[in-house]
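> Residue numbers (UniProt numbering): 1 to 333.
Because the hints were derived from the structure by calculation, they are not lab data.
It is possible that part of the hints are untrue.
[What the hints assert, rightly or not] Okay, derived cross-link-like pairs now, DSSO-like style, lysine-lysine, Cα gap no bigger than 30 Å in a straight line:
1) Lys26 x Lys50
2) Lys274 x Lys66
3) Lys274 x Lys284
4) Lys102 x Lys145
5) Lys284 x Lys235
6) Lys28 x Lys50
7) Lys102 x Lys235
8) Lys274 x Lys235
9) Lys66 x Lys28
10) Lys66 x Lys26
11) Lys235 x Lys145
12) Lys102 x Lys274
13) Lys50 x Lys66
14) Lys145 x Lys274
15) Lys28 x Lys145
The model shown is predicted, which means the values in this text are computed figures rather than measured ones.
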Amino acid sequence: MTDFPALTLETPAEHPFAQFVRILGKGKRGARDLTRDEAREAMGFVLDDKVEDTQLGAFLMLLRHKEESAEEMAGFTEALRERLQPPALQVDLDWPTYAGKKRHLPWYLLAAKCLAQNGVRIFMHGGGAHTAGRLYSEQLLEELKIPLCRDWQQVGEALDNGGLAFMPLVDWAPQLQRMIDLRNTLGLRSPIHSLTRILNPLGARCGLQSIFHPGYQAVHRDASGLLGDTAIVVKGDGGEIEINPDADSHLYGTTGGESWDEEWPQLSAQRHVKPASLDPEHLKAVWRGDVVDSYPQMALISTMALAMRGLGQTREQAFETARHYWDARDRSI
1 MTDFPALTLE
11 TPAEHPFAQF
21 VRILGKGKRG
31 ARDLTRDEAR
41 EAMGFVLDDK
51 VEDTQLGAFL
61 MLLRHKEESA
71 EEMAGFTEAL
81 RERLQPPALQ
91 VDLDWPTYAG
101 KKRHLPWYLL
111 AAKCLAQNGV
121 RIFMHGGGAH
131 TAGRLYSEQL
141 LEELKIPLCR
151 DWQQVGEALD
161 NGGLAFMPLV
171 DWAPQLQRMI
181 DLRNTLGLRS
191 PIHSLTRILN
201 PLGARCGLQS
211 IFHPGYQAVH
221 RDASGLLGDT
231 AIVVKGDGGE
241 IEINPDADSH
251 LYGTTGGESW
261 DEEWPQLSAQ
271 RHVKPASLDP
281 EHLKAVWRGD
291 VVDSYPQMAL
301 ISTMALAMRG
311 LGQTREQAFE
321 TARHYWDARD
331 RSI
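With these hints in hand, go ahead and build the complete structure from the sequences.
Given below as structure tokens:
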């Protein structure tokens, strides 16, 4: 005798997260952005592991297709901050590094290292090597003697001892790391790649953000403004916080809830030739002063200047400070 599946005779109760998928996916006329409160509640479900895998995939891709709003990103961030509760650590700069580099070496790592030598306390965080063909911060920490921290106590010790700490996202927001890791399952990056730039988990004096795709920079600035954070958003080289000296840079800033904009002209009179390969040994050679290379010199100085601009200096002061820091660095590595 064949056993047939039982008939469904009673309508199942709707999953409480379904309402958020419906808001985003109800067609061209019915779909809308989540409000800030709805976004906070929806991300709360995700962070509390109360969402089915199918719902999560649909939610992320609907957000990606629609393009997330400043209110949504502010609400998502609030949900994380409510649950995170890290220790009170003094931090000057929040430095997210999630994109990886493919055209140039990650000169921003030397910029951060140099700033930290001069008393600027920097918290870096990243999401691992999620896209092929790119060089990620995590792959160079040991070589450049940047402390890898796996808990908040180690972060505090690294900040006190050298001013620079890197902590993987998986150690303080594993649910977000899981969503980033879905990139190769879903075939697209999700909005979580962008969200990580805004999180500023330790409440740094300034959050630096790099958003490569045009149009998103102002949205990120507005999200940080809604959260009351001080932030500067740029279109950094390769999506990392690194000024490209071969191009003009537009700074999207927010301070005290007020937005501001600033144009930085390109530093190089002509474009540099892209290196044939990315050799990490070249990073150390530039740091030691063994070689003279105009591209990294300009990228380093201007990236440090960006950081000092975020901490309140004028553009002119920031570049002067950056040059002084670089010239006086401890070249041992």
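> None of the hints should be skipped; say for each whether it holds.
Evaluation of the provided hints:
For a cut-off of 30 Å, the pair hint linking Lys26 to Lys50 stands: about 22 Å separates their Cα positions. A threshold of 30 Å between alpha carbons decides the hint, and for Lys274 with Lys66 the separation of about 34 Å lies outside it, so the pair is violated. Restraint check for Lys274 and Lys284: satisfied, since their Cα atoms lie roughly 19 Å apart, inside the 30 Å limit. Taking the CA atoms of Lys102 and Lys145, the gap is about 22 Å. The hint holds against a cut of 30 Å.
A threshold of 30 Å between alpha carbons decides the hint, and for Lys284 with Lys235 the separation of about 25 Å falls inside it, so the pair holds. Between the alpha carbons of Lys28 and Lys50 the distance comes to roughly 28 Å, so the proposed pair stays at or under 30 Å and holds. With a CA separation close to 15 Å, the supplied pair Lys102 and Lys235 stays within the 30 Å bound. Proximity of Lys274 to Lys235 is assessed by CA-CA distance (about 18 Å); at most 30 Å being required, the pair is judged to hold.
Annotation: proposed proximity of Lys66 to Lys28 holds, straight-line Cα distance about 10 Å (limit 30 Å). About 12 Å separates the Cα atoms of Lys66 and Lys26, which keeps this hinted pair within 30 Å; it holds. Distance hint between Lys235 and Lys145 is fulfilled; the C-alpha atoms sit about 27 Å from each other, no more than 30 Å. As the CA atoms of Lys102 and Lys274 are separated by approximately 10 Å, the hinted pair is consistent with the 30 Å bound.
Simply put, Lys50 and Lys66 have alpha-carbon atoms about 23 Å apart, close enough for the 30 Å limit, and the pair holds. A C-alpha spacing of about 26 Å is found between Lys145 and Lys274, which places the hinted pair at or below 30 Å, so the restraint holds. Among the hinted pairs, Lys28 with Lys145 is inconsistent with the structure: their alpha-carbon atoms are about 51 Å apart, more than 30 Å.
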